[in-house]
Amino acid sequence: MQLDDLYRRVIMDHYKNPRNRGTMDNEAVTINLNNPTCGDRIQLQLQVEEGVVKDARFTGEGCSISMSSASMMTEAVKGKTFGEAQAMAEKFSALMKGEPAEFEEYEEIEALSGVNKFPARIKCATLAWNALRKGIEQQQ
Amino acid sequence: MNIQAIKEQFPILQQEVNGHPLVYLDSAASSQKPRSVIDAISRYYETDHSNVHRGVHTLGSRATEAYEGAREKVASFLNAAHPEEIVFTRGTTTALNLVASSYARSVCKEGDEIVITPMEHHSNLIPWQQAAKATGATLKYIPLQPDGSLSLADVEKTITPNTKVVSVTYVSNVLGVVNPIKEITAIAHRNGAVMVVDGAQSTAHLKIDVQDLDCDFYAFSGHKMCGPTGIGALYGKKSLLEKMEPIEYGGEMIDFVDLYESTWKDVPYRFEGGTPIIAGAVGLGAAIDFLQQIGLDEIDKHERRLAAYAYDKLTAMDGITVYGPSSNRVGLVTFNLGDIHPHDVATVLDSEGVAVRAGHHCCQPLMRWLNVSATARASFYLYNTEEDIDRLADALLKTKEFFGHAIG
Ligand SMILES: Cc1ncc(COP(=O)(O)O)c(C=O)c1O
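Each protein sequence line maps, in turn, to chains A and B. Under the UniProt record's numbering, the first residue of the first sequence is numbered 1, with each subsequent residue one higher. Under the UniProt record's numbering, the first residue of the second sequence is numbered 1, with each subsequent residue one higher.
Everything hinted at is true.
Taking lysine-lysine pairs in the DSS-like style, the calculated list, with each CA pair at most 25 Å apart, reads: (1) B/K182 with B/K207; (2) A/K117 with B/K400; (3) A/K16 with B/K398; (4) B/K182 with B/K301; (5) B/K400 with A/K16.
Treat the hints as calculated values from the structure; they're not laboratory data.
Bound-form chain A, shown alone (with noise of 0.2 Å):
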């Protein structure tokens, strides 16, 4: 078990400075979103219009890896139509397989290829993910 693989220098940089932390007030999609089974909490607000994420920030209390990831998420999804959102969605649930998926737009996110290796944490490193599916399908 190669703790290495997991905790990537950039997701710690991501845990220690959080991209996009925070809330916005102007009409923002908010999403909440909690782990049951272990605690953790997100919120996610997306700036949406006509169809493209224009802003995206969150909130919440997590392990570092459902935060780095969550950083990285907000990163990647900001200026991407709900369409290309969603695929990228797709992507990183092929990540969490294993299966091979790269990131373009975001190259940052394959740090958490890792995370496949240890299936304890994939719900940790999905539930931002989640979130953002779930405030796409709320705006369709």
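Chain A is fixed; fit chain B with the ligand onto it per the hints.
Only chain B with the ligand this time, still in chain A's reference frame:
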């Protein structure tokens, strides 16, 4: 008590996990099973299995004898006055739901009170929340002391003549605190309320005597005391059980069935609709034999020593917060390591072969009371040693080091 000899009876503990000998410190979630329990279950399936209470043939009698024999073992293990006071259930959760759905819902009405504590496991909280909602009764909480224990003065203040049910855990699965159940029971009775005990964390570790405690109901799970999953029991005073309606209807629990009306079997059978988990009961019986051979007093002593050792060892480490009172604790230590999230702690410990639990431990209100979103928990049982706790401490140092580099 020869721990090494005991440990050898647990096949699952003889393995390496992630390249290290396994240190299993998650027995509060579910304990491991000794060879004798595993064998009793296979022997039952190999030679005696059949359905119970109806076979006219030899296997039918053997299975019935095995199942009812297990009931007698449970009754004597808890020192119940009669085997009929033992209702087999899936575990603590089902047992508590049975009391909340059958007893509490028929007894409580608007203006009545149900009293619990903020340290309850969700299994001893939500059934009462729901019963209160369904009946209009008020759900009241006995407040916790700053260290997480209960004070009898607060118990006295919270329970009133309007209280119909008091339900409290004997041992907290987060704080490790042993609650003064006998005293709380006396206060409940003085106010005319029945006393329900969540014994999920106590039955494996303390000698239980329901007559001495004088509680009215007592719930526990087999899997936390060396037995299989899917089996547990509700102890209930016969006079109370006899007043209760079944909550599950079907085969095995009936006396006479007509097209529009039916009658029920006597207790405890009226609460055991359907084919029961016979092998589970057999396994639970074998677990009781195993524990009694070692002696609950011995187990209790060993675990208090381990808990104290772990408490001292962990509180002495830099940057660790340990939750719960410093004394009168059994079987576990709950902690956080600086601001490293407990999931991250548990993952690093796992990489060292040390299995602990991380999360809210099905106690969200208690987590809120502690002002944390989650904690890590190391829980011990009769097969754990001081050495296991040293391994935990070493792994915690590694965790700190690892995250010191990764974060710092
Ligand atoms: C205090 C307490 N109550 C109830 C339960 C629920 O037991 P079960 O899941 O076996 O029904 C547990 C198990 O973790 C517990 O620790």
